[in-house]
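Chains V and P, in that order, are what the protein sequence lines are.
Heads up: the first sequence runs through residues 1 to 290, numbered per our numbering.
Heads up: the second sequence runs through residues 291 to 606, numbered per our numbering.
It is possible that part of the hints are untrue.
As the list claims (entries may be wrong) - With beta-carbon atoms standing in for the labels, derived distance ranges:
(1) V:D189 to P:P517: 50 to 56 Å
(2) P:V507 to V:R56: 42 to 48 Å
(3) P:F525 to V:E60: 58 to 64 Å
(4) P:Q408 to V:V37: 42 to 48 Å
(5) P:Q315 to V:W198: 22 to 28 Å
Unchecked claim - In the DSS-like style, the derived pairs of lysine-lysine whose C-alpha atoms are separated by at most 27 Å in a straight line are:
(6) P:K510 to V:K114
(7) P:K412 to V:K281
(8) V:K277 to V:K206
(9) P:K412 to P:K510
(10) V:K281 to V:K206
(11) V:K277 to P:K412
(12) V:K114 to V:K206
None of these hints come from the bench; they were simulated from the model.
For each residue, glycine too, the CB sits at the ideal point set by N, CA and C.
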Amino acid sequence: MAAVTNMTNLTAKPMRRIPYLEILRIIILIALGALFVLPFLWMVSTSFKETGQAYRFPPEFIPQPFTIKNYLNLWGGPIPFDRFYINTIIIVILSEIGTLTSCTLVAYSFARLKWWGRDVWFVVLLATMMLPFQVVMIPVYIIFRQLGWLDTLLPLVVPTFFGNPFYIFLLRQFFLGIPRDLEDAARVDGAGTFRILWQIFLPLSKPVLLTVAMFTFVGHWNDFLGPLLYLSSVDNMTISVGLAMFQGRGGSNWPALMSAATLATVPILIIFTLFQKYFVKGIVLTGMKG
Amino acid sequence: MSSGLQTYNTTTALQPAAPVPRWQQAIRKNLPGYLFAAPWLIGFFVFTLGPFIASLVLSLQQWDMLTPMKYVGLRNFERMLQDNLFWQSLRVTLMYTVFAVPLQLAMALLLAVLVNGQGAVKLFFRAVFFLPSVTAGVAVAVLWRWLFNPEFGLINFLLDQINIVGPPWLSSPYWALPAVIVMSLWGVGSTMLIYLASLQAIPDYLYEAAEIDGASVVDKFRFITLPMMSSTIFFTLVIGIIGSFQIFTQIYILTNGGPENATLFYVLYLYQKAFRGFEMGLASAMAWVLFLIVLALTLIQLKLAGRWVYYEAEEA
């Protein structure tokens, strides 16, 4: 009886009613979508305006005249954005190397190697995920000060070679899913632990490695507290502290500030467009904020 | 046990060609694991455990990083409790938590429900909503300062379109915190993704069964979607509260704690005490209070998660 009603329902479905809900959903989507995109459009639009046009009410969206002066002024000026860019790129590349090597090794150890105390250490690793950096910020700062590393890139790069609990967790979970047979076969053929990791695990783990690489990129590109603590001379600054200093000094030259903000965001926009699905995976698997 | 150890020692002494001693076997068995985990193990001691203990020690000292440390016992904690600005920073952070976190979760849930399902349109909007949470940082905070500009900013222009006179936002002690909350709603994309994954994990047959019983859309949301997502929502709630105790970058750029300390968030005040006032002892005491707050929240999450929250596995 129930099956029969169900069947009639199914066949009746296509012509049952106008999908009001679907229409409502699309309308809300478009409205909210516009609100989410608008700030970006406004940023880019302001960045191409002359100062005079930016201070006009009601605001005009199309820059007129259209000027790239604001961008040109950022290069080699008193606030050297080109330096900030190079510094940030160096930090990001070195952090990628540090994070990917250290986290892969440690995750492999937690996933596949047997050692005394491993499971206890894994719980410790999980616990450190909850510890805010701000709790240990002052002693860590003092360490780098004692080492004489202040105002260099070292305090921002060296810690990445000691692993990151989130990424270690993410990689370990992925490694656990790789079939043991592959490994056993390689071991029979005489492959050592390191070769197994290099030739079997890494090629199979490209998606999760990309996820980690993307998060590392965004994390270090956006990082503000670290550079703020450790960097002091203008020539060593990253984009984030440079931009903060720029807005402090430049007061309210909004077209100039917006062109700097646009330059700071564009690399992330590109990376995001190319690798969106790897970000999504990372967030869903760890519950971590972007 | 001890006699066994004795014999084993004598045998190795008498017969050098004997099988590999047990301690060597143990090393051989454990060494690769420790070596591979060494980066994190070393990092844990140097950058986490060491500083963690050091921070407790520092909290009992008076130290400006120039003159020698002086042990002051619990004086730093006493001073902290008598400091109006400390209480102000706690009040600001809690106000933000109470208003912003529930709004963020509701917004994220709304977005997740809207983009749930198949099709290019929904994929497109997923990207649109997710993007701002990836770009978060100084640039975005600078952008929002411009958006909140009382005279020429986009927000007050939009409000003007619907005949509302926009407030002075960041320059007003009343409107600065609401402005920060509004801005935070723009960054809920990652929470939306967590909810989306959780939505997609709800089995279809539950909805189908409810439809047969004549459940409306609202019923289905209230009696299927929400209960099935409760563990995820609870998790994001706790993460959100912990997150609001770590807010720094946005505030540093938007208001630097002002006007009239209306947006003096906890970590911003901690930073000011440490790196502007050079009161390392007092700041360390504040860091420890922060740790205790986060610890308490984490324990609550672990304890209550099982009790309040519906897990599918329990029912099966």
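Going down the list of hints, with the structure as the test:
1. V:D189 to P:P517: 50 to 56 Å: Check passed, 52 Å falls within 50 to 56 Å.
2. P:V507 to V:R56: 42 to 48 Å: This hint holds: roughly 45 Å between Cβ atoms.
3. P:F525 to V:E60: 58 to 64 Å: violated, 45 Å
4. P:Q408 to V:V37: 42 to 48 Å: Violated: the Cβ-Cβ distance is about 23 Å, outside 42 to 48 Å.
5. P:Q315 to V:W198: 22 to 28 Å: Given range 22 to 28 Å: holds, Cβ gap about 27 Å.
6. P:K510 to V:K114: Violated. K510 (chain P) to K114 (chain V) sits at ~48 Å, over the 27 Å cutoff.
7. P:K412 to V:K281: holds, 17 Å
8. V:K277 to V:K206: It holds: about 13 Å lies between the C-alpha atoms, which stays within 27 Å.
9. P:K412 to P:K510: At roughly 21 Å apart (the allowed maximum being 27 Å), K510 (chain P) and K412 (chain P) satisfy the hint.
10. V:K281 to V:K206: Measuring from Cα to Cα gives roughly 13 Å; hence the hint holds.
11. V:K277 to P:K412: Holds, at roughly 14 Å.
12. V:K114 to V:K206: Holds, at roughly 24 Å.
The structure is inconsistent with the numbered hints 3, 4 and 6, although it conforms to all the rest.
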